[in-house]
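Asks: Please arrange chain P on chain U, whose structure you already have, making use of the hints.
There are 2 protein chains.
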Amino acid sequence: MNLVLLLPEDFISEQHVRLTGRRLEHIVNVHRAKLGDTLRVGVLNEKVGRGLITALDNQTVEIEVSLEQEPPPKLPLTIVVALPRPKVLNRVIASATCLGASRMIILNAWKVEKSYWKSLRLSEANLLHQRIIGLEQAGDTVLPKLYLARFFAPFVQNELPVIASQTLRLVAHPLAIVPCPACIIEPCTLVIGPEGGFIPNEIQALEKIGFEPVSLGTRTLRTETAMAALIGRLYL
Amino acid sequence: MNLVLLLPEDFISEQHVRLTGRRLEHIVNVHRAKLGDTLRVGVLNEKVGRGLITALDNQTVEIEVSLEQEPPPKLPLTIVVALPRPKVLNRVIASATCLGASRMIILNAWKVEKSYWKSLRLSEANLLHQRIIGLEQAGDTVLPKLYLARFFAPFVQNELPVIASQTLRLVAHPLAIVPCPACIIEPCTLVIGPEGGFIPNEIQALEKIGFEPVSLGTRTLRTETAMAALIGRLYL
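Chains as they are written, first to last, in the numbering used here: chain U, 1 to 236; chain P, 1 to 236.
Chain U with its partners taken away, still in its complex shape:
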């Protein structure tokens, strides 16, 4: 937590917040902060700044906040990722948020197990929580958009062409020969398949709407690792 992310309901006056639970624990146990210490804080979808601890006990912490700076800019990047195993999903969402993606879409694919769509980790509350974890890590406040696309064909035919319009369109594909481009500045829509890859029909559907298959080398990477490697290569 490199930034304590504040929500509108945390405010008890114009410049003061009162926190309990997870954030209090983190401030006490990880930051080991004391009365009078300052912390980096930010308000969800607003500015970042400094927070002065004005009261602290076992139950609550009160912080006086002053917000002056803009959060770090987002990347002009939409990540479309095939739903990974539930175990991996949280880290994928937090990482994509932390790396600065503007928008994320979790997509179905032939090789995604149907049972994954029943995971409790796809609840609204968890999808929000994982993005908040990513923002806190990155020192950012602006929540990336996140959508679920449970049906591959209608999403790719009807919605993705609009989403990806006027962006560089790439799909990471183990069988591709062209390496992924590096150090781009233009907006990009990057599609990442399931660990077993997209099936030929799926790749063809993506190619048909202008997505170029690009390679990430000969090693099979976990979704989370592949995503960080691709974003590092494209933008950082």
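No lab work stands behind these hints: they were computed from the structure.
There's no promise every hint is true.
Identical chains blur together in the list; that is why a pair holds if it fits in one copy or across any two.
Claimed, not checked - Below, computed lysine-lysine pairings styled on PhoX-like, alpha-carbon distance capped at 25 Å:
no. : residue 1 : residue 2
1   : 34        : 111
2   : 34        : 114
3   : 145       : 118
4   : 208       : 111
5   : 74        : 47
6   : 145       : 74
7   : 34        : 47
Replies: Chain P only, in chain U's frame:
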């Protein structure tokens, strides 16, 4: 597990192995393999190929192996990484292995908590196991070298100059202005600090032996995410 990694002691004859425990469970529960199915296999530090399941019950699986292909080439990359939190260490080691680093060094730094060095995750057995997980994910067989460097100053003064000799020397640093280079082909030694960064003295010691501080943008990434982003940018 995109490759079932075999050890010399698994062989019951020249071309047959018998497996129990973790690998058996994975073959049954994740691959859902049956008698007569073939799997991708490889022998530690040797070739990769196909394995035919010739016997399978609750206790053991027997596989007839034929090895013809070389494992994927390693990157000419040494990763030197400040010891992360124990919770993160396993993933950092597995990821670096999976991404293809030839060698890893786990380094002390001012902002590494002393207690981290007492973690059971630094046992020989766990350090081997995490590299095996990374090899199984990547479809590789060649174990990257891994060393622990518990004392920053003597390591950087005496050992690192030899290790990094004739390689591109980079240290990822939040305050650096120069962006990390992309798409290199030459050998590289890449140093990644603790999440709080190296202190000025440490950066100076690294600069003194030819390491250039490079930036990864304005966001604070977790060690594992930063590592994948940097490797994706440098090599993939």
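Asks: Now, for every hint given, state plainly whether the structure supports it.
Replies: Do the hints match the structure? See the list:
1. Taking the shortest Cα distances, residue 34 and residue 111 sit within 25 Å of each other only across copies (19 Å), while inside one copy they are farther apart (50 Å).
2. Taking the shortest Cα distances, residue 34 and residue 114 sit within 25 Å of each other only across copies (22 Å), while inside one copy they are farther apart (48 Å).
3. Taking the shortest Cα distances, residue 145 and residue 118 sit within 25 Å of each other inside one copy (21 Å), while across copies they are farther apart (41 Å).
4. In this assembly of identical chains, the alpha carbons of residue 208 and residue 111 lie at most 25 Å apart only when taken from the same copy (20 Å versus 51 Å across copies).
5. For a Cα distance limit of 25 Å, the shortest separation of residue 74 from residue 47 inside one copy, 14 Å, qualifies, whereas the shortest one across copies, 44 Å, does not.
6. For a Cα distance limit of 25 Å, the shortest separation of residue 145 from residue 74 inside one copy, 12 Å, qualifies, whereas the shortest one across copies, 37 Å, does not.
7. Only within a single protomer do residue 34 and residue 47 lie at most 25 Å apart by alpha-carbon distance; the minimum there is 24 Å, versus 57 Å between protomers.
Every hint from the earlier list agrees with this structure, and none is contradicted.
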